[in-house]
Each structure stands twice: as C-alpha cells, then as structure tokens.
Amino acid sequence: MTASAVPAPAPAPAAETGPLLTARGLSVTFGAASIVSRLRHEERVLRAVDGVDLEIRRGEALALVGESGSGKSTLARALTGLIPPSKGEIAFEGRVLPARRSRSDQRRIQMVFQDPYSSLNPRMTVASMLSELLRVHHVVPRSEVGSFSRELLDLVGLGEEALPAYPRQFSGGQRQRVAIARALALRPDILLADEPVSALDVSVQATILNLLRDLRAELGLTLMLISHNLAVVRHLCDRVAVMYLGRIIEVAPTETLFSDPQHPYTRGLLAAIPRISAPVEEAPAVQGDPPSPLRIPTGCRFRTRCPIAQPVCEQEDPALTVSAGAPAHSAACHFAFTSLPVPVHGAGHQGEDQPSPSQ
Amino acid sequence: MTGSLLEVRDLHVQIATRRGIVRAVDGVSFEVPRGEAMGLVGESGSGKSMTLRAILGVLPTEARVTSGQVLLDGQDLVPLRQSDLNRIRGPKMSMIFQEPMSALNPVMRVGRQIAEGPIVHLGVGNAKAAQIALDLMRRVGIPDPERRFRAYPHEFSGGMRQRVMIAIALACEPEIILCDEPTTALDVTIQDQILRLLARLCRESGVSLVFVTHDLPVVAQVCQQLSVMYGGKLVESGPVRDVLHEPRHPYTLGLVRSAPDFDDVRESLVPIPGSPPSLISPPDGCRFHPRCKFAEQDCQVTEPPLRLLAGGRATACLHYERCIESLEAERAAQ
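Chains S and B are the protein sequences, given in the same order. Letter by letter, the first sequence follows residues 1 to 359 in the numbering used here. Letter by letter, the second sequence follows residues 1001 to 1334 in the numbering used here.
Keep in mind that the hints were calculated from the coordinates and are not lab data. Treat the hints with care, as some may be off.
Stated by the list, open to error - Now the in silico label distances, taken between C-beta atoms and shown as ranges: (1) Met1101/B <-> Gly220/S: 42 to 50 Å; (2) Val1107/B <-> Ser68/S: 20 to 28 Å; (3) Arg1307/B <-> Arg295/S: 53 to 61 Å; (4) Pro122/S <-> Arg1034/B: 44 to 52 Å; (5) Ala324/S <-> Val1058/B: 53 to 61 Å; (6) Gln169/S <-> Val1058/B: 29 to 37 Å; (7) Ile1021/B <-> Gly220/S: 45 to 53 Å; (8) Ser68/S <-> Ala1151/B: 16 to 24 Å.
Claimed, not checked - Sample of chain B residues facing chain S (criterion: CB under 10 Å; computed from the structure): (9) Gln1191; (10) Asp1192; (11) Arg1266; (12) Leu1269; (13) Ser1275; (14) Pro1277; (15) Val1301.
Backbone N, C-alpha and C fix where the C-beta goes; we use that ideal spot for every residue, glycine too.
The shape of chain S in the complex, shown without the other chains (with noise of 0.2 Å):
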C-alpha cells in the first residue's frame, strides 16, 4: 500500500482552521402517527436526532458512541445527506450544504454501512461497482477507471483478482474492504463508517480496524467511526462524542473522557463495559432500559435512569456545557464538572499509566 495509489483529498491546510463538518441544532424527526392518534389530535413525532452541535476536525478521528436508538446512526445518514434534517443546519468548511446535495457535495462525504452482505448489490461485480461510481462522478479520466479501481483494491489490501468477483465470492471481512474502497473511490474528506466491524467476526475484525487505522495515516482521512465497542472506540480515535436519546451528552478527547467520565451515563457506559480482568460483582451499571424517543422525559432526558439525579433535573433541560479547566471536554448535566459528591461506578477506570491487572 502506497499512499500515492489514491491522492489525498485537498491538501491539509495549515493548521487552526475551521472545522471540516459542523452540525449546528441539527434535528432529524420522523412522523409516527398511527390511525387512532390521528383521530386523537395527539402529536406523535419520533425525534432520533434532537439538537445536535457538532463539529469535526480535519484528519481527526472522532467516536460516536450510544445505545441502540441513541440516533447516532441517523446523525450519520443526516451528515451524509442521506436524510434531510428537519431542523438545523450542516456546513461543509463553513458552507452551509442545501438539503439537495450537488454531486461534488455528495462526494466528499461518504459512508462505510455495518453489514457488508446487505450494503452491497449482489448482482454487479467489483469492476461494474466501482466503473459505474468513477463514471457518474467524473473521478478520473475513463481511460483510468480501470487502473484506478485496481489501485483502490490494493489500497485496502485486496487484489485485481476481485475485480470481476460478485460480492458472494467474498468472506464478511473482504467484502468490508469492498465497501471501504467503494467509499475511498470518490476520494472523499470524510468517511463515516457505521459499526463496520460489528457483523464480522473476532479475527477479522482486526483486519479492518488497522486498515482504517492504515488508511487514516496516509490518506490522512477524517474518520467518523460509530461503535457500541469503546474497546474499538479507544484503539483508533481521538475524540469520543456520547449520544443518548438524540442528544450528545459528552464530548471530549478519547483518553480524557475514560479517565475522567462527566456524565453519569458515560460512567455508567464505561462500567458496563464486559472486561477480562474484573468479573461480575455489584449493581448494574445502568439500571433500566431506555425511554422511547416518542416519549422523552422533561428536564435531563436521562433523569429517569440517573442514579444522582436531583429536583433540578426534572426541571431544567442541562445544555452541553465546556468545562473551564479543559476547554476540549464538554458534558450536558447539572452536575459536571463540580466537585459534587457523586457515587462511585463499578469497576471504575485505570489511568493508562498504571499498569493493567492483565499484565
């Protein structure tokens, strides 16, 4: 792999620059009105996405993380385009993108979806796969399409012999890689991967989170990874955003929010997390399943599972605040950053200097 198979998207610029993506109150709603609450007069909105500030950094690698119906997988599709936003507003570089994306718009930002058996049409081989994309986007000269999309197989480790394979001669892991190039072919800013690794098996796995990780370093791609896996989250980014219900809850640079969670959700997150090292003892983390996002409580959404929550909580909605000692840390709760008594979680965190109890 040479990192002059495929050229880096615009040159970095130097450093201190804006943001690469911004979201700005961006909201994503779905109507889920049944027959009987129509008749009702009831207003029955489904908001998967409710007020997201985000930014993303050239060349960063930033973590989305949440539960199952946090609505970071809508967050994803919403900054891809892939579904209009209801509220707020997305700029590429500081230009705010129309609802219709131009082409040129839509090439910079691309997306690497979970499950690579359903992400991928079953009846175009590689070579149709990637032409048809190089063509519709005027990537490279047609002339080139076809050294091009043999770069692009070699780029994520795989041959020129899977160019005329149907997406069925692949295992899980290299059809992952197939959709990885198809991604990388438009030579986009951004790649947004959507929990790639979690269909796939353990020792594939590894495969495809060092290609990223790989591809990161010479493309010097900006990376948006989705995972429920923080042990992933850890090895390959550098920031972490937590979602719950819709909201970013916590954002800050991936060591500093292990070791030093704000939000008792992210704390309760961490102690969850199934380790080697420490077997089941106390409480749950979390108690409880989360509310609906058809139904989400007053004040703190995450009030009803909070083993600290006050009166306040029910009352005021807390905003994503940033801590003053650390600029690049931000949390959405009443009590972050104070020095509040607040119960211990579980198995809590070891600073990375101490030795881990494995070794």
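Fit chain B to the given chain S structure using the hints.
Chain B only, in chain S's frame:
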C-alpha cells in the same frame, strides 16, 4: 463440586450438504460440574452452536450425531427419542437463545409462556403455574409483573424479552441451562444487566450453565471454565482467566491479540492471518497449522490430541511452549 452434571464424550456431528459431509463437531469432549458455568468460545463455523444443539437434541434436520455420548447425570441423551427428551428438557435442562423475539411466541401472553413449562412438564395447575410465573418475573427483574404478565412479547424491549427467556428457562428449575449468545443482540448497558442477572441466578440456585459466545470479555464475566473451539474441535480448556491471560494454544493467543481490549490499548491489533478451515475437507494434522505462526513440520502431519496440563488446563497444541515463550518475550519488551 459433586461430580460432573454434564459430560460430553467424543461427540461427532455431521451435516450432509450437496458439496459433501460437513464435520461440524469432530470429537469434542468436556465436562460441566454441578453449579459451574462453562464458556464455549469460537468463531462462526467453529461448531460451538452445533455442540449446544446436539446436547439439547435440537439439531437441524440435515445434521445428526454420528458418534459420541452426551451424559446428563449419567444418562446418555443421544439415543433417546424426542418424546423421551421432552421429559428431560424443561425439568433437567433448558436453553436461552440469541434472538428472544424469534424464540418467543408472538401471539401468546408472556405470563402464559412462562407458566407453560410447569404446566406441561411438572403437571402444575393453572393457578399455581401463574403464581410461579409471577415469582419468576420478579426474580429476573421485570418491573410491574402483575401488569406485564398479560403483555405480549412485542410490548417488551430487547432486554426485557431476554429476561422473559431467562424466566422461561428457569421455570421448571432445571439443573443446567444452555445459552447461545444470549447477549449478542443487546446494548452494552443491557448486556451488563443480563450478565449480572445470570451470574446471580447461578450463584443463588446452583444451576449450571454452558455459555456459547464469541466475545471473550463476556465469558470472563459469567463463567469459571472456558473451552475454545476451532474447526469443530476443542483446542484449549481451563479456568477462564488463566486461559485468557496465559493462553496455551496459538489460536486462543490469536483471538486474545486480535480483539481490542479496553484495558490494554496496543499500537495495532494482530489479526489471525487466513480464514477458518473448510469442515468438508479440513487440513491434515493440526487444523490450525495453515494460520499458525508457530507451525512446524509435524503440525502438518500429526493431529494433536488434547493434552492435560497443570492447573486443570488442557491444550491441543504440539508446541504450546511457544505460546509461553511468545508471552514472555512480549512482557519483556514492555
């Protein structure tokens, strides 16, 4: 420990396909002592689910046990007819599946589904069975059981459905529960709740578990013993933390090194090269040798037997010392 509750001896399961005979389980032996939880780990196609299904007698129609024994309390289950097995399933053993939505009856009220086992298997009256079901719903942590008793599965969340499955599995007070990836479809926080519930129920009622999963940290949460399967064979077994911290088989070592561990962040993950073997024509000698970095000449010829090691451990590797050397070298480098 009062002897083994479940003993699997030299189990072979074959599946007839158009392309040939798949040796899905090829000579697997293990024991599960009373009150213990054993994890069965492997990748897809390693034969772990087939082993579980063979124990329960619910193999798909194309598959059959060609030889070996499944001894539950000393009684061999393999030659039994389905009607005889029905007397054992429920009161002696039960199963929890991966996808609770497809394992539950969508048109039967949840309470009735839990009560069905005691009514059918234990001959309990309807009112008594309903009481048992209510108690179980409380024990597995379903809130407001009186109201939820009359609900249908679709009214439950994934985690609550899995609690219903666990209540059904417990309903006839079995001695052993077979779990097939019971938390794979769940979120981390819900998985955490279910794992803690299973561990607590195990402690309280002394029920044994066989826990099939591909997730190593999950096994460490619930099980005391661990068996690792590869290509239809058992390649390593022993106390769970010993096996995960000090693997004695290159495949186990590979699994541990390829999975990202939250507490042990490495520069890069080390994938296992190649892909799992064909079970129609598996490689000669050790089935792992084409992917093994320690493989030598004899690995291509000699099929390694499962050898006993100190500390209640066993490995099916001819050169398992290489794992020890590799681990020591790794630690020295740090």
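Results for each hint:
1. Met1101/B <-> Gly220/S: 42 to 50 Å: holds, 43 Å
2. Val1107/B <-> Ser68/S: 20 to 28 Å: holds, 25 Å
3. Arg1307/B <-> Arg295/S: 53 to 61 Å: Check passed, 59 Å falls within 53 to 61 Å.
4. Pro122/S <-> Arg1034/B: 44 to 52 Å: The hinted range 44 to 52 Å holds for Pro122/S and Arg1034/B, with Cβ atoms some 49 Å apart.
5. Ala324/S <-> Val1058/B: 53 to 61 Å: Hint holds: Cβ distance 60 Å, inside 53 to 61 Å.
6. Gln169/S <-> Val1058/B: 29 to 37 Å: Check passed, 32 Å falls within 29 to 37 Å.
7. Ile1021/B <-> Gly220/S: 45 to 53 Å: For Gly220/S against Ile1021/B, whose Cβ atoms are near 51 Å apart, the range 45 to 53 Å holds.
8. Ser68/S <-> Ala1151/B: 16 to 24 Å: holds, 21 Å
9. Gln1191: holds, 7 Å
10. Asp1192: Holds - the Cβ of Asp1192/B comes within 10 Å of chain S, reaching about 4 Å at its closest.
11. Arg1266: holds, 8 Å
12. Leu1269: Hint on Leu1269/B: holds, closest Cβ of chain S at ~4 Å, below 10 Å.
13. Ser1275: Check passed: Cβ of Ser1275/B comes within 6 Å of chain S, closer than 10 Å.
14. Pro1277: violated, 13 Å
15. Val1301: violated, 25 Å
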